[in-house]
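Protein chains: 2
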Amino acid sequence: MDGLMMDFPLTLDALLRRAETIHGGREVVSRLPDRSWHRTDLGSVAARSKCLAQALQKLGVTDGDRVGTLCWNHFRHLEAYFGIPIGGAVLHTLNLRLSPQELAHIINEAADKVVIVDESLLSVWEAVRPLVAVEHVIVCAETDQVPPGMLNYETLLAECDPATFVQPALREKQAASMCYTSGTAGKSKGVAYSHRAICLHTLAAGLTSSFELYERDCVLPVVPMFHVNAWGLPYVAAMCGAKIVFPGPHLDPQSLVEAITQEQVTVSAGVPTVWISVLKELDQNPGRYDVSTVRKIFIGGSALPGSLIESYESRHDIRLVHAWGMTETTPIGTVSYLRHDQHDDPPTQQSEHRARQGTPVPFVEIRAIREEQQVPWDGRSMGELEVRGPWVAESYYQRPDAADRFSPDGWLRTGDIVSIDPRGVMKIEDRVKDLIKSGGEWISSVDLENALMAHEAVEEAAVIAVPDEKWVERPLAAVVVKSNQAVTAEQLREHLLPRVAKWWIPERFEFVSAIPRTSVGKFNKVALRHQLLDA
Amino acid sequence: MDGLMMDFPLTLDALLRRAETIHGGREVVSRLPDRSWHRTDLGSVAARSKCLAQALQKLGVTDGDRVGTLCWNHFRHLEAYFGIPIGGAVLHTLNLRLSPQELAHIINEAADKVVIVDESLLSVWEAVRPLVAVEHVIVCAETDQVPPGMLNYETLLAECDPATFVQPALREKQAASMCYTSGTAGKSKGVAYSHRAICLHTLAAGLTSSFELYERDCVLPVVPMFHVNAWGLPYVAAMCGAKIVFPGPHLDPQSLVEAITQEQVTVSAGVPTVWISVLKELDQNPGRYDVSTVRKIFIGGSALPGSLIESYESRHDIRLVHAWGMTETTPIGTVSYLRHDQHDDPPTQQSEHRARQGTPVPFVEIRAIREEQQVPWDGRSMGELEVRGPWVAESYYQRPDAADRFSPDGWLRTGDIVSIDPRGVMKIEDRVKDLIKSGGEWISSVDLENALMAHEAVEEAAVIAVPDEKWVERPLAAVVVKSNQAVTAEQLREHLLPRVAKWWIPERFEFVSAIPRTSVGKFNKVALRHQLLDA
Chain A
1 MDGLMMDFPL TLDALLRRAE TIHGGREVVS RLPDRSWHRT DLGSVAARSK
51 CLAQALQKLG VTDGDRVGTL CWNHFRHLEA YFGIPIGGAV LHTLNLRLSP
101 QELAHIINEA ADKVVIVDES LLSVWEAVRP LVAVEHVIVC AETDQVPPGM
151 LNYETLLAEC DPATFVQPAL REKQAASMCY TSGTAGKSKG VAYSHRAICL
201 HTLAAGLTSS FELYERDCVL PVVPMFHVNA WGLPYVAAMC GAKIVFPGPH
251 LDPQSLVEAI TQEQVTVSAG VPTVWISVLK ELDQNPGRYD VSTVRKIFIG
301 GSALPGSLIE SYESRHDIRL VHAWGMTETT PIGTVSYLRH DQHDDPPTQQ
351 SEHRARQGTP VPFVEIRAIR EEQQVPWDGR SMGELEVRGP WVAESYYQRP
401 DAADRFSPDG WLRTGDIVSI DPRGVMKIED RVKDLIKSGG EWISSVDLEN
451 ALMAHEAVEE AAVIAVPDEK WVERPLAAVV VKSNQAVTAE QLREHLLPRV
501 AKWWIPERFE FVSAIPRTSV GKFNKVALRH QLLDA
Chain B
1 MDGLMMDFPL TLDALLRRAE TIHGGREVVS RLPDRSWHRT DLGSVAARSK
51 CLAQALQKLG VTDGDRVGTL CWNHFRHLEA YFGIPIGGAV LHTLNLRLSP
101 QELAHIINEA ADKVVIVDES LLSVWEAVRP LVAVEHVIVC AETDQVPPGM
151 LNYETLLAEC DPATFVQPAL REKQAASMCY TSGTAGKSKG VAYSHRAICL
201 HTLAAGLTSS FELYERDCVL PVVPMFHVNA WGLPYVAAMC GAKIVFPGPH
251 LDPQSLVEAI TQEQVTVSAG VPTVWISVLK ELDQNPGRYD VSTVRKIFIG
301 GSALPGSLIE SYESRHDIRL VHAWGMTETT PIGTVSYLRH DQHDDPPTQQ
351 SEHRARQGTP VPFVEIRAIR EEQQVPWDGR SMGELEVRGP WVAESYYQRP
401 DAADRFSPDG WLRTGDIVSI DPRGVMKIED RVKDLIKSGG EWISSVDLEN
451 ALMAHEAVEE AAVIAVPDEK WVERPLAAVV VKSNQAVTAE QLREHLLPRV
501 AKWWIPERFE FVSAIPRTSV GKFNKVALRH QLLDA
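Protein sequences appear in the order of chains A and B.
Numbered per the working numbering, the first sequence spans residues 1 to 535.
Numbered per the working numbering, the second sequence spans residues 1 to 535.
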């Protein structure tokens, strides 16, 4: 017997109608390349999204065609987030930090028919253009002028009318968007998000145990919109009616704190490196900024030392909340909040809880696997995290060779080594490829890094495996010392002694000026290995 | 092009797995008929739900079979909420306040194969039993004894093992539960909820703009579990991991306030009449109870005077939140919160905002129709509310004759007369059938009632239409005066004069000792008409 409920598809036009009719007056603020501020609202974004969809129809874009975006975070990118999918096409966000060759590979594999490019990124685009077969290039420009052969976003929209836009029938399982993984290992792989996955993700990400977004909030997504849907925040903000502030290309700590102060931001999100440098900016300029409006900052992409969580909380009354996800999980998989019985724990213990990646959001399920067995949820045993749920990828775009990333019973193998506690709280211990296998045991490079970064003289630390005749692998620590501070390898060893098992302590420390980073700001351990071991 | 996301169905077993693995330790407290307290947790409820599913399988219940429940709010009813649907059967909650004939009609139309009955409701059941053809009757009893020919819930579960329960494959569109409307007009009609509808409703109802439920919350669902899934609260609480307190049959104000005080309830929900009497209990016994833990009380079923909202807020620091829904909408359709720019409005204006029914929750869409035209969203124009969304009924169970309750383009006609403001805030002006059509204009009986109840001497007021030769209809007000107070019709007329249009003022006032109520606690205007007009 079937239920007798409406066959109402979970498609992005429903979210857009809501943004327009219920939250049309909510502000959307963008910082333009010239550092000036652009102000519009969700009503205008919705109308213009329909214009964009109509403009693409006129350009011959039809059902399932891919439309790339090479853009910073701004209102036009938000219009693309809605306008491309509601026309039945597929939004393909391009990571502007990739090399021209990588970008060309991705554009060609996805067969993007149209690409929307920021004027400020035309220099990036010029190197890609000769390598790809895109039919139309649309430029987001503040002036009338765009290079010959390209179309002006504003001119195209001016020729359209939201009232005459005819929306095609959308199926909830059809693709709404695509994003390529930014893994350092191997060729990046395409993930195709369905309308259904994004709608469900938006609902789950808006819950109190996820982004906990209110209509009265003001959200600053620092995480780029080219990086897994900016963690879903643009859609969640549009659904909840929160004000949105887009930083544009201005991601330096000073610009971010200016944006927070001026627009009274309450919620933000980004990778740890951003918040490490923002903390520095705040600490070095006491009294210059007002960040008192900020309730929460969501952290993802890599683990965060508990000490940073404590610093934000004690010095600026800002709560950092850890979340975990991947390109393959749309991305929110887990979020870390204290449980009802942990609010009275001592501060240090609370920080330890918070430094974990947290519990899965509703409808996401997790398990940890080692040697084909489920590892017990005891908070200690480590295994590779596997995940499933309605917004988790079941395969990669045109990559049957990557079928081994999925278990025989259909879970996604994440490549993260985790432990899970009895209440389902997940802690990332390491990446599979970064784990140090020493004498049959596993050493977590992440735990070692966090223990090292808890030293007052250490700015950053990255730990990699060094081949070892006796133990197979042993850890090597690359350490960046804070300016005007000094520390020796011996002092670091003494610092680690009470914090980790004795056999975890690296025998080798390398003091470096910086840790190389990937295009999304994570430690690039492949590059670090080259730098320290191959040299 | 389809998305490449997992085909993960939205079925209730996913919510149950979450409750068990992530929130297994969260308390589920029930007040038993003898007023003692029963304490268990979500882990046990989950295990026993699987036992119930297995027990039903043993009794021959298979895919799509209906299993009725004639139960108060308690942990076993929660087990039925999960156990029946995860076995592929359909939970059919029975309104224990209906007459034996009405219950028999509903049970027979739904063809319930098994019915689960509370021991304390066996007297109700005895009158129904001869009228229905149910195969098995299971009794929720605290003792080993059950009447001959009936099965004992606990004995059945003791013979089952959650580890050996084999869950059938569930489709998200299959029916999970059924509930009959309790309309006073015409035969009640069956609504069949799909797993998908309930799962989506649970996600949307958990949002900050809906029930805003946290893991640290303690929820007291006063709204009966036989009444539209207790507004979804049991599922939302299980998903969020909130503690649940079930009042059992003890719904008198004193018992409710005892439960709130003892269990430190933070969130509750029920119809206005409950909260009117709870307020009385609190006001008459200053200092006896501690309700300081309560953050929010959700109100639905009928409109609430702004004065009551103010009284709770000013005297007890408790926020009443208006929600609107129907059996046909699973039920949450709209919830009333202040917008970001209304928090600084004067208190009276804030109460007026709050007394509206609010904005639709995500994925629910509303419109108001008068004479087949959409009424403008100006906050004044009235029309019949129509609604659509993934948890809105598209038809009634075996009732093709009720097809006129749906518009030609597939919206549900709610029978509520509403106005909608420019930001989508909906206000119920009346029921279609209660509206007073005076001289071609509409008079809202609800507005008149609220204006009357704002008078300090008025406990309750209900307004009905009286046939009128000149105006077609004119309003009649039935008024219950507070004990130890007095008021005249002339004084009420003077009280109304500055509050409503002059031509709205009833020429006839009837002072009565009580307003008759329906089985779910709403004003029964059909009975009132009989009482006052036919007499």
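Any given hint might turn out to be false.
For chains that are exact copies, the list does not tell them apart, and a pair is met inside one copy or across any two.
[What the hints assert, rightly or not] Derived pair list, reagent style SDA-like, types lysine to any residue, alpha-carbon separation capped at 25 Å:
1. K173 - P9
2. K58 - E102
3. K433 - M1
4. K433 - T488
5. K433 - E102
By construction, these hints were calculated from the structure, which means they are not laboratory data.
The model shown is predicted, which means the values in this text are computed figures rather than measured ones.
Comparing the hints with the structure gives:
1. K173 - P9: both (9 Å within a copy, 12 Å between copies)
2. K58 - E102: Neither, since 30 Å and 59 Å both go past 25 Å.
3. K433 - M1: neither (48 Å within a copy, 33 Å between copies)
4. K433 - T488: neither (28 Å within a copy, 83 Å between copies)
5. K433 - E102: Cα proximity of K433 and E102: one copy only (22 Å, versus 66 Å across).
When each numbered hint is compared with the structure, violations occur for hints 2, 3, 4.
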